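Number of protein chains: 2
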Amino acid sequence: MALIVQKFGGTSVANPDKIKAVAKRVLACKKKGNDMVVVLSAMAGETNRFVDLANQMQAIPDPREMDVLLSSGEQVTIALFAMAVKEMGDDAVSLLGDQVKIVTDRMHTKARIKEIDSALIHKHLKDGKIVVVAGFQGVTPDGDITTLGRGGSDTTAVALAAALKADQCDIFTDVDGVYTTDPNICAAARKIDRITYDEMLELASLGAKVLDIRSVGIAKRYKVPLHVRSTFTENEGTWVVEEDKKMESMQISGVTYNKNEARITIAKVPDQPGTASKIFKPISDAGIVVDMIIQNTRGTEMTDMTFTVPRTDYKRAMTLVEKIAADIGAESVSGATDIVKVSVVGVGMRNHSGIATTMFDTLSSEGVNIMMISTSEIKISCVIEEKYTELAVRSLHKAFNLDQAA
Amino acid sequence: MALIVQKFGGTSVANPDKIKAVAKRVLACKKKGNDMVVVLSAMAGETNRFVDLANQMQAIPDPREMDVLLSSGEQVTIALFAMAVKEMGDDAVSLLGDQVKIVTDRMHTKARIKEIDSALIHKHLKDGKIVVVAGFQGVTPDGDITTLGRGGSDTTAVALAAALKADQCDIFTDVDGVYTTDPNICAAARKIDRITYDEMLELASLGAKVLDIRSVGIAKRYKVPLHVRSTFTENEGTWVVEEDKKMESMQISGVTYNKNEARITIAKVPDQPGTASKIFKPISDAGIVVDMIIQNTRGTEMTDMTFTVPRTDYKRAMTLVEKIAADIGAESVSGATDIVKVSVVGVGMRNHSGIATTMFDTLSSEGVNIMMISTSEIKISCVIEEKYTELAVRSLHKAFNLDQAA
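Chain order of the listed sequences is A and B.
Going by the numbering used here, the first sequence wraps up at 406, each residue one higher than the last.
Going by the numbering used here, the second sequence wraps up at 406, each residue one higher than the last.
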């Protein structure tokens, strides 16, 4: 007998029939002798409807009131779900964020969980009930409703699993797990059976959209075994867990890509102390997040500075940078939005030399020019022209033997 | 400067434009120097949508979960309303039933308010905010969400006004006040300027739908001046207040009618002790509420028993009564649904003799046969054939001089 937290997203509870199907599934798991805690999102489409209503009321909707509005969505699904369980002859109780006491900071619309009181949930579990918790929402110490931002229901589920010391946390989604790369552009992509928290963190931050990155961080900190799986099949999905011996034999776990960046180059920047600060402080003051930065020295007194920014901030960043370049006496500014960042990720990289060489050789042999490179302990990223995305992903996937089962 | 509670129903907040109009109106009242507390219902149509969803989940939806579901409706309107106020440059804060601490008993879907904590509302008022409270909802001492049943937002508003010791409670509705009778069937109907709590209680229980009867009872107990008025005009509506000298000069305040009853007659009931109990206990055990009861003695050993039940319970009651009649040896059972109860109401009745005579004479001179009569200190009701409804209401309205301004 285990304590299992299961999270279902908005498309899994989009209408009464889907809610019933999910209830049936949870019940089957309970009947195997498990204690069940279910975390639900709002019905698909509801959040957009609320955002639309809010935009009709206020140019920039008040964050506190936005949270009151948005959190009503999960309230609907947890009540309907509890009814479905009762109709099936079992027992369930719905709990809102403030009823559980999922205490957060006061950052409305993107709050962070500070503390969870597990007493009430344990009491209901002891009474034999399925506990149905509203995802995405919490409450400040003063009793104001907060929401956790994008992917907030994943965070609720993992944080609850940590607080309850659950044996596992199942994240149900519309895909059947985490893949070695995007199956939409690489037919040879395979589902990964086991992956470490660190690898998942890299994959999530690099563009894989299966799991919210914050929830992976919490799972790692509290060692919550995560199981990412499909709502529509009974198959095993991907386990996100602590590193184990078996994993080290793999060089690379996955290939990922991110098309949401743009490149900006300032040519012939006078190479003086303080120049980098003069360039990047105004950008960061404007709330623009710089990802990669590369500096190419030209002789002794000149340098080229290239960096990437989110594509949505590109125009704003270019306007800023052109002004900065004039101020510091740089020669010219150029940029491009037709780039992609392709990355290979794997804890095995630490024990295998030559990963970088293989990556560069592979891209080079396909005629793909590398514009920028960035590395971490378990990842190598290359910025290339966007038109080579599919070619690069497929050839790297093959080069690292990801086409074959582990 | 006064503290004013204003309640707006679902049709007044049915869409973003209507919510803005209401916000504008509340702001205008605040700008005159008043402290404003606003109570809102769910957008028109939302409650029906939730009931429909619940019925798809469970044959008899669980009452606790029903309350979690239903209460999400007001949560949406209070958030949108607060945004609208902020967009207009003023300040507002929304509060749910459990945030205010509107503590109720545990009777889900028809809970009664036990206690209201006014501290948080006073704090926000002191900070210059319009306080926007979700109507219709409360919280049990254990923290479960409850709802107050039909007309619950009126109850919330009046109970809040009582707890806050507000100077007045405005109930906004789609009519411009309480009328001497139904304007739809009597063109001479006039808006009443002032009416007592007791008269309003009789009118509400006799079929006038303007105000929920529970809220009138609370207003009476705590002496909250109620102002029933139109959302769509600036005109004064009807004040529901304590009795004053001026009112006594009026004989009758209004004529009302109720078509929701049906008549059942048991003929030739053996007149023995305990017979009434044998008839009415099974009916009340079946949850059917009997309103009027009349007994006509026929000689010494036989009596006819006539009574009214809600029209929706008529068939069920007839089945029961036919069985009872056979058991007690009565001769026959007859009944009719084409009846109406017409009533005249007024505190002035206590100081004016001849009200009953005027009523009976008026109906008789129009050829209307009276089937049953029932009286209270401030009301006389007659059951007549339904087809005479309009005729009876109009002639009574004229006979008691309600056509002329007071």
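Hints are computed from structural coordinates only; laboratory data are not their basis.
This one's a predicted model, so the numbers in the text were calculated from it and none came from an experiment.
Be aware that a few hints might be false.
Taking lysine-lysine and the BS3-like style, the derived pairs with C-alpha atoms no more than 27 Å apart in a straight line are [claimed, not checked]:
#, chain 1, residue 1, chain 2, residue 2
1, B, LYS31, B, LYS20
2, B, LYS114, A, LYS101
3, B, LYS32, A, LYS123
4, B, LYS110, A, LYS114
Rough simulated footprint, nothing fancy, chain A against chain B, three-plus residues with beta-carbon under 8 Å [to be verified]:
#, region
5, 47 to 57
6, 82 to 90
7, 109 to 119
8, 385 to 397
Simulated restraints on C-beta separations [said to hold, decoys possible]:
#, chain 1, residue 1, chain 2, residue 2, range
9, A, SER277, B, ALA119, 49 to 55 Å
10, B, ARG316, A, ASP52, 44 to 50 Å
11, B, ASP105, A, ALA2, 24 to 30 Å
12, A, ASP52, B, ALA2, 33 to 39 Å
13, A, ASP17, B, ARG316, 45 to 51 Å
14, B, ILE60, A, ASP338, 58 to 64 Å
15, A, ASP142, B, ARG49, 29 to 35 Å
16, B, ILE328, A, ARG49, 57 to 63 Å
17, A, GLY89, B, ALA2, 51 to 57 Å
18, B, ASP117, A, PRO310, 31 to 37 Å
19, A, ALA2, B, LYS114, 37 to 43 Å
20, B, MET107, A, LYS259, 55 to 61 Å
21, A, GLU390, B, ILE60, 53 to 59 Å
Even glycine gets a Cβ: it sits at the ideal position worked out from N, Cα and C.
Taking the hints in turn, this is what the structure says about them:
A C-alpha spacing of about 16 Å is found between LYS31(B) and LYS20(B), which places the hinted pair at or below 27 Å, so the restraint holds. Between LYS114(B) and LYS101(A) the alpha-carbon distance is near 24 Å, which keeps this suggested pair within the 27 Å criterion. Between the alpha carbons of LYS32(B) and LYS123(A) the distance comes to roughly 52 Å, so the proposed pair goes past 27 Å and is violated. Proposed proximity of LYS110(B) and LYS114(A) is contradicted: the alpha carbons are some 36 Å apart, above 27 Å.
Counting residues of the region 47 to 57 of chain B whose beta carbon lies closer than 8 Å to any beta carbon of chain A gives 5, which reaches the threshold of three, so the coverage claim holds. Coverage of the region 82 to 90 of chain B by chain A holds [criterion: at least 3 residues with CB-CB distance below 8 Å; count 5]. For the region 109 to 119 of chain B, the stated coverage by chain A is violated: 0 residues have a C-beta nearer than 8 Å to a C-beta of that chain, whereas at least 3 were required. Coverage of the region 385 to 397 of chain B by chain A is violated [criterion: at least 3 residues with CB-CB distance below 8 Å; count 0].
A C-beta distance of roughly 51 Å is found between SER277(A) and ALA119(B), which places it inside the suggested range of 49 to 55 Å. Between ARG316(B) and ASP52(A), the C-beta spacing of about 46 Å keeps the proposed range 44 to 50 Å intact. At about 38 Å, the beta-carbon gap between ASP105(B) and ALA2(A) misses the expected band of 24 to 30 Å. About 37 Å separates the C-beta atoms of ASP52(A) and ALA2(B), a value consistent with the hinted range of 33 to 39 Å.
With their beta carbons about 34 Å apart, ASP17(A) and ARG316(B) fall outside the hinted range of 45 to 51 Å. Restraint check, ILE60(B) to ASP338(A): a C-beta distance of roughly 60 Å satisfies the suggested window 58 to 64 Å. Between ASP142(A) and ARG49(B) the beta carbons are some 32 Å apart, a value that agrees with the proposed interval 29 to 35 Å. Under the hint 57 to 63 Å, the C-beta atoms of ILE328(B) and ARG49(A), about 60 Å apart, fit the expected range.
Between GLY89(A) and ALA2(B) the Cβ separation comes to about 55 Å, which falls inside the hinted range of 51 to 57 Å. Taking 31 to 37 Å as the suggested C-beta distance range, the pair ASP117(B) and PRO310(A) does not conform, at roughly 46 Å. Range check, ALA2(A) to LYS114(B): about 41 Å between beta-carbon atoms, so the 37 to 43 Å window is met. As the Cβ distance of MET107(B) to LYS259(A) is approximately 56 Å, the hint placing it in 55 to 61 Å holds.
Take GLU390(A) and ILE60(B): their Cβ atoms lie about 55 Å apart, and the range 53 to 59 Å holds.
Figure legend: structure checked against the earlier numbered hints; hints not met, in rising order: 3, 4, 7, 8, 11, 13 and 18.
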